[in-house]
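Peer 1: The whole structure should be built from the sequences, with the hints applied where relevant.
Chain by chain, the residues run as shown.
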Amino acid sequence: MSTDHFLNEYIYHENTWDEMYDSKNIRQQYSHVFSMLKNLDVDSMSNRHRLAGELFLNQGITFTVYNNNEGIERIFPFDIIPRIITGDEWNEIEKGIIQRLKALNLFLKDIYHEQQILHDGIVPLELVASCPHYTREAYGIRVPYDIYVHISGIDLIRGSDGKFYVLEDNLRTPSGVSYMLENREVTKRIFPDMLSTSNVRSVTHYPMLLHEILLELASSQISDPYIVILTPGIFNSAYYEHTFLAKQMGVDLVEGRDLVVDNHKVYTKTTKGLKQVNVIYRRVDDEYLDPLVFKQDSLLGVPGLLSTYRKGNVAIVNAVGNGVADDKAVYAYVPEMIKYYLNEEPILNNIPTYQLSDPEALKYAISNIDNLVIKNTNQSGGYGMIMGNSINERDWLKAKAEIEKNPRNYVAQPIIQLSTVPCFINGKIQPRHVDLRPYALYGPQGIKLVPGGLTRVALTEGSLVVNSSQGGGSKDTWIIDNPTSN
Amino acid sequence: MERVEEMLRVARTHYMYSLDKNINSGNWKPILQAFSDLPDEKAQLFENDSYAALHYLLLDNSNENSTKNIIHRARENARGIQDHITREVWEEVNSIYHLTNRPFVKLKLASSDALEIIDLFLKHSMMYAGVADVTMQRGTGWNVMKLGKFVERSIEALVLTDKQCELFDYDLGKERDITNWRFLLLSLAGYEAYLKNYRSSKHNLQILQQVIFNADFPHSLIYGLNQIERSLTILIKENSSPEVPDLLRTFGRIHSKIRFTEPSSLIQTDIKHFFQELKQDLHSFNTKLRLLFFSY
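Here the protein sequences line up with chains A and B, keeping their order.
Residues 62 to 547 (the working numbering) make up the first sequence, in order.
Residues 19 to 314 (the working numbering) make up the second sequence, in order.
Among the hints, erroneous ones may be present.
What the hints assert, rightly or not - Below, a sample of chain B positions facing chain A; criterion: calculated Cβ distance under 10 Å:
| id | residue |
| --- | --- |
| 1 | L37 |
| 2 | K39 |
| 3 | G44 |
| 4 | S130 |
| 5 | A132 |
| 6 | L133 |
| 7 | E134 |
| 8 | R200 |
| 9 | Y209 |
| 10 | K214 |
| 11 | N215 |
In short, the hints are calculated from the structure, not lab data.
Ideal placement from N, C-alpha and C gives every residue a C-beta, glycine not left out.
Peer 2: Spelled out as structure tokens, the structure:
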């Protein structure tokens, strides 16, 4: 390799886990990709980057951002160099997520029925009672096979010690799986040889797995269940994903106005008349799902849907009321849930979390703000997040007043240096921080994960915020077995 | 040109499959056998080399059935019948022909940009179909084109389905997963339609239903036969040759065989024999058709 090759310009951060470099050596799982990249020059990489952008644009793989003067549709930025995880690391992640989801699912069942975990004082009663996502209307509803968390995306980060930690559980309507699948398809176009020679596990079967689970959730007496995906509509930021999944599974994509409830059954209006719906994969949040029960002015939902659900005449995926389990304050108790319900030690660790409703914790957070990130428990997508090391004095004083007004709505966590990966940005190879969102499917046959997930990248130099709504991008994630230098 | 489009779609699907671990071995032999008369020992040389296989299928001058050779023949035909086709159709055929001779095509097909070339040709062949549909008068020329197109499409549907069943040792009693059939459906541009229209997990029966018997699926055998019937009826109105009744009887036998076969019974019958007989019948019909209309 000539000394001026673009790969030589890569300077990883000290004290941060770099996914490609181990001290000054290339990690084994990256060696093959590294050697193939060595044969490419900057122009060739730029051409691939351009081609990837064109492919996303031509296929309409865009997402919507509100309040943006440039227009509402954007390409989700994609970095062409894949992120690589070894098969052994993945196996551990998979075990950890399966364990976590089992516990969270049991928690949801418990919390909407016996509430034993509250009686036993493992999770504080006031924490659940004050959680805005605890849905009293869902209390006592029996869901098919006692499964609540059918589709989940658990956000993981890798700390500077090389271990994976759970950053957040997404148990309501996690998005991004279409990008995971499309990223792989684009990689097939731009690096076909690299992909086919790297022993990468396939992710393409995800829609089939999801479809199987949705079919299984319908009542066993129905031989030909009718499944729909309920979308808020074309202005939703994840609308592309809704259409993508509908196409990949061959199911109908409907909006609330396409559905009607009659005599505790849900129907779709079709040109041939009403057709009964057996399973709804909803991408509409709880509070908009049924205007008779939740927000009365919601036009996105279906009046009477919750009573149909309660009667067991329709399966709703994910279950109503899951928000209580992925609340950022409840998150701190997941390790305790694992011990309580499964009698096991957590395989994946949490990040230490301070509940600011505790006066001592609040005092600690205020005096150590430089080293902490404060998160609003009711917000997601990177919104409502205060990075203590970069906030200015004026904003901090304003934020502090808000926190002190309602500390239950905030948690604090130490700022973790997310691991970095090489990215090709502006013709140069540069380190950027990433997280990982693997997708899990929970059906009557158990929990299944597709090997990979969505690697989200903070494309701004030094930034730790990976959310797409905050300028983040993504990468194809490769799980490779028996890495060799080829 | 219909064969070009089908070959490109199959090549594209197989190439994409070959990049995915655990889905397919990436072996090109069945594809080479379906679209050329390459002897076994030569097919073995290419079977694990995507670029060599793609070159043979698409650009090899020694392969009578390569897309390049087919396009060259299509252009010769088009040149000879320019008075029966529109200027737009001629220009489209001509532009595809010149594309096959461009140096970058060969270079890119042998590199990681191979898919770009397959997609380029695929786009052109679909453009050809669209241009013909939009500009051609619905006269004799149009019906002859349609006849050729749907004879080819029917044969391809049959050949590809037969090839898929051969991979299952013609044992359709054993239920197969959708992933096993996905290649066939994608190659016939029918994967999304299948997911939309068929619901149960009895994929063997449903897929045969779609690719052989579904009259609404444009790449099914019955759809092709229905289209042949329409064009044939129009063409023979103007033809009083003594061979016409025999041609109609041959076609009628094939058409009836499909129209009056119960899809579920197909699984229990000797499907290999059924496909072989159909292929022979279709080839025999094709020969008679050529003799009647083109005298060769």
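Peer 1: A separate judgement is required for each hint: does it hold in the structure or not?
Peer 2: Here is how each hint holds up against the structure:
no.	hint	verdict
1	L37	holds (5 Å)
2	K39	holds (5 Å)
3	G44	holds (7 Å)
4	S130	holds (5 Å)
5	A132	holds (7 Å)
6	L133	holds (6 Å)
7	E134	holds (8 Å)
8	R200	holds (9 Å)
9	Y209	holds (9 Å)
10	K214	holds (4 Å)
11	N215	holds (8 Å)
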